[in-house]
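First to last, the protein sequences are chains A and B.
All residue numbers for the first sequence refer to numbering that gives the first Met the number 0, where the first residue is 0 and numbers rise by one.
All residue numbers for the second sequence refer to numbering that gives the first Met the number 0, where the first residue is 0 and numbers rise by one.
No lab work stands behind these hints, which were simulated from the structure alone.
Because the structure is a prediction, the values reported are computed rather than measured.
There may be inaccurate statements among the hints.
[As the list claims (entries may be wrong)] Using 25 angstroms as the maximum straight-line C-alpha spacing, the simulated SDA-like pairs for lysine to any residue come out as follows:
(1) LYS118(A) x LEU90(B)
(2) LYS19(A) x LYS101(B)
(3) LYS69(A) x GLU175(B)
(4) LYS118(A) x PHE162(B)
(5) LYS400(B) x SER142(A)
(6) LYS400(B) x LYS127(A)
(7) LYS19(A) x LEU90(B)
(8) LYS186(B) x SER142(A)
(9) LYS115(A) x LYS101(B)
(10) LYS127(A) x GLY176(B)
(11) LYS69(A) x PHE162(B)
(12) LYS115(A) x GLU231(B)
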Amino acid sequence: MKPADEIALETHDLTVTYHKRPVLYGIDVAVPSGSLVGIVGPNGAGKSTFIKSVMGVVPSSGGWVKVFGKPMRENLPRVGYVPQRESVDWDFPVTVMDVALMGTYGGLGLLRRPGKVEKRRASEALEKVGMLPYSNRQIGNLSGGQQQRVFLARALAQDSDLYLMDEPFVGVDAATEAAIVTLLREMRERGKTVMVVHHDLQSAGEYFDHLLLLNMRLVAFGAVKDVYTPELLQKTYGGRLTILSEVADQAAKL
Amino acid sequence: MFEDVSFLASMIDLLIPGSGSGKAIMAAVLLGASCGLLGCFVVLRRVALMGDAVSHAVLPGVVAGLIYSAERSPGVIFLFAAAAGLLGACLVRLMMFSTRLKSDAALGIVLATFFAFGIMWQSRNQQDTVGVMNFLFGNIGSIDASDLRMMLVTTLILVVTMFFLRRPLLMMSFDEGFSRGLGYPVKILNGVFYFLLTFSVVVALQAVGVVLVSAMLITPAAAAYLLTDRFERMLILSVVFGVASGISGGLVSAEVNGLPTGPVIALSATLLFGIIYLLAPRHGVLSKVARTLRRGMRVRRENTLKAIYQIHEGEGFAHEEVSVLMLARKRGQTEEKVNKDCKALLSRGFIEMAEDGVSLHLSRLGWKRAMEIVRNHRLWELYLTNEADYAEDHVHEDAEKIEHILEPGIVRQLEQHLDFPELDPHGKPIPQPAHLVTQSSVVPS
């Protein structure tokens with residue numbers, strides 16, 4: 000276990016705009032290492048945008064992101080990313096093993112090919128999510144839950160310390176959901192920090208130990224027992240701040 | 000250093016054949032290889048229209064090359080053409096980035112503008128641009144040694160770059176967000192891709208022509224995509240198809256007077272695609288039709304087996320034989336049709352016919368399969384009423400379909416889930432085919 004006071008992810012005044020319209024306002028958050036964080040909020044609250052801007056997939060228009068005390072760019076290998084399942088074309092001519100291997104590409108640079116070590120790491124990751132028997136299948140021939148498992152295996156093969164997952168529970172069967180929860184807890188046991196965008200408030204209280212309540216701005220971040228309160232949830236889900244979104248609309252027209 | 004270059008140049012010259020048809024074949028091979036390779040990425044990244052836009056955008060470059068290079072050096076023409084193509088690609092990206100236009104509109108504008116400008120410029124300088132028709136519609140016969148040298152070098156650059164960068168390029172095409180997370184220089188890789196795309200267009204230009212280059216980028220790769228689910232195989236097949244259509248199209252247009260090369264090559268690529276579209280083993284149309292037909296026939300057979308079982312069940316399993324007539328009545332079909340169904344069952348060993356030819360009984364295999372189908376049907380009905388809260392009279396239709404596709408694994412899950420039930424929602428017993436193996440008697444008691 001890492002010392003509890005180490006900060007896995009710190010953002011300061013992280014702001015994102017889409018076509019000049021602000022969608023995330025000045026997020027300040029410091030996530031302690033070894034925590035399992037659920038990112039919750041209503042539709043359009045910017046949950047996925049938050050993760051994407053941390054990863055640099057969506058450019059931020061202000062603020063900074065630090066990972067384990069260093070700027071994101073310098074610590075990329077310590078960050079694993081699980082994008083939304085719908086973000087890729089599952090008819091792509093790659094196999095389950097190919098996708099898992101992609102997790103090992105980060106350490107290889109552009110030119111080196113994956114060798115035995117990488118293949119073993121990918122196999123182990125697939126084994127862990129129960130997808131090893133399907134290694135040679137083209138990824139389109141899988142169910143939604145199986146596809147999500149493959150994405151998780153790819154992240155596991157990255158062997159990072161901080162994981163950012165975008166809606167891993169969407170469109171999966173109950174068995175896969177349970178398996179993912181078990182996996183997340185296991186990862187926390189091994190000292191990993193995991194942040195998960197989650198759409199179901201009901202289960203969020205039991206799956207995670209920390210919650211990040213988001214609605215265009217940070218409503219609250221803390222241990223579940225401190226922030227899973229009617230007042231804060233009401234504040235998160237009680238509709239947008241009307242003036243904030245109106246001003247955002249007007250700012251977009253400038 | 001200079002000697003190295005001249006050595007390389009003489010090596011390249013050695014590769015270039017002397018005869019006209021030899022040159023044409025070599026040109027076809029080069030264009031098939033470069034377009035086939037790049038085409039895989041074009042198809043998978045869904046930027047087929049981008050290929051079309053780039054190919055049209057090179058026209059002003061070709062015209063500029065013809066006008067400004069007095070001795071018509073292919074190097075100059077290639078350079079201008081590639082620059083124009085890249086400029087077109089950049090403008091498309093710029094337009095998408097700076098407005099809310101999506102790629103198709105941006106591509107349409109750039110394609111038309113560049114092409115129109117090229118045509119206009121050419122018609123103002125007709126005496127300088129005599130060969131422009133070769134670039135518009137392609138003429139493989141017009142490719143001389145110096146053109147070939149240029150094509151060879153360009154193809155080499157392209158193949159080598161692709162060889163080394165195919166993994167990151169594939170990764171990026173599959174999942175750009177994740178590639179950024181890996182620290183890939185996504186912007187640079189995208190730039191490399193559009194460079195290579197322009198190169199492949201330029202290589203194919205003189206043989207196929209501006210208007211039809213995109214056919215060489217898209218059609219062979221699309222055909223390969225229908226044949227395989229593996230990327231490496233797709234690359235190889237795409238190159239093979241590209242080369243094959245290049246050579247056959249080139250030869251046909253050389254044989255038949257007055258046929259422009261470009262359209263013939265494009266059509267031979269389409270011919271290849273058409274064959275694969277029909278015959279591809281998994282993604283082809285005919286195999287899909289065959290699969291549907293086979294499934295339909297299997298469903299018919301299984302429904303007949305089920306009907307036989309139900310007749311026996313209705314009689315309390317008192318008789319061993321069932322007559323064709325009874326079966327026809329049960330199925331609500333003519334005797335002839337049922338006779339045909341029985342033949343199919345007979346040939347698969349599910350039933351045995353009596354000597355009179357009008358009555359039959361189930362074989363051991365037939366009993367097993369019939370019981371499985373009835374069990375599947377009733378288990379599914381039970382599952383729907385118990386677990387999914389369907390009304391009892393709503394479940395039959397659904398079970399009629401599901402009974403044919405339930406896999407053993409799911410059946411096991413259903414049984415466990417429903418705590419090994421004995422009766423279906425309508426009170427009928429659920430048969431246990433597994434008991435067949437242990438019981439000595441074939442007919443269930």
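Results for each hint:
no. : hint                  : in the structure
1   : LYS118(A) x LEU90(B)  : 41 angstroms, violated
2   : LYS19(A) x LYS101(B)  : 18 angstroms, holds
3   : LYS69(A) x GLU175(B)  : 24 angstroms, holds
4   : LYS118(A) x PHE162(B) : 21 angstroms, holds
5   : LYS400(B) x SER142(A) : 20 angstroms, holds
6   : LYS400(B) x LYS127(A) : 35 angstroms, violated
7   : LYS19(A) x LEU90(B)   : 22 angstroms, holds
8   : LYS186(B) x SER142(A) : 33 angstroms, violated
9   : LYS115(A) x LYS101(B) : 43 angstroms, violated
10  : LYS127(A) x GLY176(B) : 24 angstroms, holds
11  : LYS69(A) x PHE162(B)  : 35 angstroms, violated
12  : LYS115(A) x GLU231(B) : 19 angstroms, holds
Going down the numbered hints, you'll see the structure goes against 1, 6, 8, 9, 11, while the others check out.
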